[in-house]
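Asks: As a plain string of letters, each chain reads:
Number of protein chains: 2
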Amino acid sequence: MHGISEERVMKETVTGEAAGRETGKRETPTRVSGFSLEEIGRQTGGVILIQGSIYKLRRMSGFAFVLLRTGRHVIQCVYSPEFSRFPVEELVEESCVRLRALVAQEERSRLGWELRLLELQVLSVPAEPMPIVINQKKVNTSIENMLDYRMLTLRNEKQRAIFKIQEGICQGFRAFLQKQNFTEIHSPKLVEAGAEGGANIFSLDYFGRQAYLAQSPQFYKQMMVGVYERVYEVGPVFRAEKHDTSRHLNEYTGVDLEMGYIESFEEIMEMEEEMLQAALTDLQAACARELELLKVVMPQFATQSRETWPVEVPPQQSHLPMGRIPRIRFADAKALVAQYYRRPMGEKEDFEPEEEKLLCQYIRAQYGSAFVFVTHYPETKRPFYAMDNPENPAETMSFDLLFRGLEITTGGQRIHSYREQLQKMERRGMHPEEFADYLLMHRHGMPPHGGLGLGLERFTARLLAFENVRETSLFPRDIHRLTP
Amino acid sequence: MHGISEERVMKETVTGEAAGRETGKRETPTRVSGFSLEEIGRQTGGVILIQGSIYKLRRMSGFAFVLLRTGRHVIQCVYSPEFSRFPVEELVEESCVRLRALVAQEERSRLGWELRLLELQVLSVPAEPMPIVINQKKVNTSIENMLDYRMLTLRNEKQRAIFKIQEGICQGFRAFLQKQNFTEIHSPKLVEAGAEGGANIFSLDYFGRQAYLAQSPQFYKQMMVGVYERVYEVGPVFRAEKHDTSRHLNEYTGVDLEMGYIESFEEIMEMEEEMLQAALTDLQAACARELELLKVVMPQFATQSRETWPVEVPPQQSHLPMGRIPRIRFADAKALVAQYYRRPMGEKEDFEPEEEKLLCQYIRAQYGSAFVFVTHYPETKRPFYAMDNPENPAETMSFDLLFRGLEITTGGQRIHSYREQLQKMERRGMHPEEFADYLLMHRHGMPPHGGLGLGLERFTARLLAFENVRETSLFPRDIHRLTP
Chain W
13 MHGISEERVM KETVTGEAAG RETGKRETPT RVSGFSLEEI GRQTGGVILI
63 QGSIYKLRRM SGFAFVLLRT GRHVIQCVYS PEFSRFPVEE LVEESCVRLR
113 ALVAQEERSR LGWELRLLEL QVLSVPAEPM PIVINQKKVN TSIENMLDYR
163 MLTLRNEKQR AIFKIQEGIC QGFRAFLQKQ NFTEIHSPKL VEAGAEGGAN
213 IFSLDYFGRQ AYLAQSPQFY KQMMVGVYER VYEVGPVFRA EKHDTSRHLN
263 EYTGVDLEMG YIESFEEIME MEEEMLQAAL TDLQAACARE LELLKVVMPQ
313 FATQSRETWP VEVPPQQSHL PMGRIPRIRF ADAKALVAQY YRRPMGEKED
363 FEPEEEKLLC QYIRAQYGSA FVFVTHYPET KRPFYAMDNP ENPAETMSFD
413 LLFRGLEITT GGQRIHSYRE QLQKMERRGM HPEEFADYLL MHRHGMPPHG
463 GLGLGLERFT ARLLAFENVR ETSLFPRDIH RLTP
Chain Y
13 MHGISEERVM KETVTGEAAG RETGKRETPT RVSGFSLEEI GRQTGGVILI
63 QGSIYKLRRM SGFAFVLLRT GRHVIQCVYS PEFSRFPVEE LVEESCVRLR
113 ALVAQEERSR LGWELRLLEL QVLSVPAEPM PIVINQKKVN TSIENMLDYR
163 MLTLRNEKQR AIFKIQEGIC QGFRAFLQKQ NFTEIHSPKL VEAGAEGGAN
213 IFSLDYFGRQ AYLAQSPQFY KQMMVGVYER VYEVGPVFRA EKHDTSRHLN
263 EYTGVDLEMG YIESFEEIME MEEEMLQAAL TDLQAACARE LELLKVVMPQ
313 FATQSRETWP VEVPPQQSHL PMGRIPRIRF ADAKALVAQY YRRPMGEKED
363 FEPEEEKLLC QYIRAQYGSA FVFVTHYPET KRPFYAMDNP ENPAETMSFD
413 LLFRGLEITT GGQRIHSYRE QLQKMERRGM HPEEFADYLL MHRHGMPPHG
463 GLGLGLERFT ARLLAFENVR ETSLFPRDIH RLTP
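If you read the protein sequences in the order shown, they are chains W and Y.
My numbering puts the first residue of the first sequence at 13, with every later residue one more than the last.
My numbering puts the first residue of the second sequence at 13, with every later residue one more than the last.
It should be emphasised that the hints constitute simulated quantities derived from the structure, not laboratory data.
Accuracy of the hints is not assured; some may be wrong.
All copies of an identical chain are treated as equivalent in the list; a pair is satisfied when it fits inside any one copy or across any two copies.
Claimed, not checked - Listed below are the simulated DSS-like cross-link pairs for lysine-lysine, each with C-alpha atoms no more than 30 Å apart in a straight line:
1. Lys176 with Lys191
2. Lys170 with Lys307
3. Lys150 with Lys393
4. Lys149 with Lys191
Assemble the whole structure, with the sequences as input and the hints as a guide.
Replies: And the structure:
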């Protein structure tokens, strides 16, 4: 390992005097940690103390370029025997180091400055060279390999930018929801019964009785509407789906909200529209560099007003209301895709993934929107708590949000009347006594309410134009993968 | 059911004209939703539209007091045939309603105003009267009953204030950590191996192989230190502990952070000190009303300087450094409690709950601090990733934070050297190959790092002076309880 001991004391104590000698300007080096590039740039001519990992070393004749990976940036540094008081051999990729460096003006650098390495303190050296190349522009390998070495490949500049953006989205959602008087809750993930029904649920032994992993915080967020009117949760959601597709994860991060005193499920869609717009605006401020690095094309909302809709919109679309996100009824969307793309409709009560893609393609072309709300899903395809359309009980007051070809949200109005909920359960042959806790809330007074769940990984994937949702999960779980 | 139909249209359409007739001041009633009491107060003399649940009805002779529960407040309203244009019988406790009301000056009201109910729209009525009284000052029942009817008892003003405060704490932590350049992560809860060892782990079948529920995000947050330097997560943590005490939950909300490039584990304690101070400051601004309602005594940090320490501090305490939170070594703390309170020491390598209480009592009395850091826990009591004290390998570079008698945080420096980690695992008879993924990070370069985990429910419980941590979990899970 290049003969470098793992812990090495800085060779010369960094004192005000030593730093002053270097520049003649400053007495004490500024310790840089978590500072932005702009803040470092403002130190030009001065000496700083900075820490990070050696991301890439390029030895030239007589000097070396060193890319330093800090908490958020990759910074160009220069090693030269002219000013560096340590042997170049001590710079090892993926070593963690503390550096004393001069912030030097450099026109050829993109930032207008570079760091000239003066002194080095090695904090740790890797025991072995990397099993996979992570310091190229992108990690050039199969997704399986990428995920097997996830804790290493995430050190790649572009890989980690993905999750900085995901954090930004999440912060944006929260900031918006707090402003809208939503209260954040933490609901249990160990539950006695699944909220979404079906066999797609993980079960486990809980001190001698059967428990399940929550498929969503559905029951709890509804209960909490009776307490705070508006609530949200960002947390793990577990689905034991056996699908092996690029769209499915068995554990994902759900952004769930639920709101009371609505007059129509359209208020929930409006809230989501506003949430998306607010979060995407915040994101551009918080993650400008990461968005640029990943060449992210920000999604457009509808650009055309209703009056200028193209003539080729089928007649049944004429009632399509125009928001920032176009809305279309499920049945109309099915017909539209079949008619416009001349393809057989297939299954009448659900979308095929290809239909979702085509619908989004159509909406994008016609209205300029990357998003589309599909509303009024068939009753048979929605859970027992979904409110039916009073004008047509075969439909529910529900919606999905599709984004660039993929469903990212499911939402709708819920039944708040005890009697109605009982009747619907009985119609479905369910046993209300199995849901006694859940029904207590309806029995003792609930406001009209509804909500939605958004998959954070799916949203991030479509925003960053990744085909596979595994790319936007830190440590994805699928039918084959439980590690790392 | 008082003969009230479940859905009832407002009797008189609320128009600008109708509202104007009432006050002669305003043309359109202000629709109030999620507004603060101050904002409503500013409408004094005007008419508002407001929605909520009838919390409490007190019929007097000729009029009635009506407490309206909105998303955050309980607001006093008055019904009187003089100005209310609906029969009083339509006001049913736990009904959800929309009201048109005059904001009237009223000196006898604590707020200086009250709402005079003009018109009523009933949105829903409960199917049955409450099985438990929730609209008294406190819910007067056993904790078991309180939890069995949790979705109802949380509607109590004081009960829901608990979780508004918990939200405030959480927001405060996040705001502080974001400012300190921590990146928020979402790590998987379905894992292949437990991080904390022992039998206290839930297992389940994961598509034919065994999976576990994460006992902490430990492995993942460490891996992510190699990516972002500083990370945090707020999420569920699962412990299959069979303890049936007032301090244990089988699922709780962990606030976990991990930070790289530390020079000592004391930096982690300093970070926690600052985080607690920042969050408690934010909380007082965000939740003033709730803190007042629950008569919360905000915790003090140390008030005495080192020079004024009382003489009765035992000699071995003389090295106790003075921060905002006093620090004491584990061995010294054990000796101090034994000596000061004249009680047998019992188990030498761990605290008994009673000792934690006595230590806190002592620290509170001597230094005015509600918190105390206990440092340098025995090696045998800490996990395999804990860094040993180079000066005394029987001790670790670790700490717990005790708050008002209860451990709320465990933290410390972790081993970052691959060789050291392997050696420690081998000394403990562990099989490193079972931790291959985890060790990949050490093998390929990690900075010196450490972190901590804080139990959100425990912290909230001690802040609000609840003896039982179940009181500060929305829907607690314990060895006997999996519902609601």
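Asks: Each hint: holds or not?
Replies: Hints and how they fare:
no. : hint               : result
1   : Lys176 with Lys191 : both (23 Å within a copy, 15 Å between copies)
2   : Lys170 with Lys307 : within (10 Å within a copy, 50 Å between copies)
3   : Lys150 with Lys393 : neither (41 Å within a copy, 43 Å between copies)
4   : Lys149 with Lys191 : between (39 Å within a copy, 29 Å between copies)
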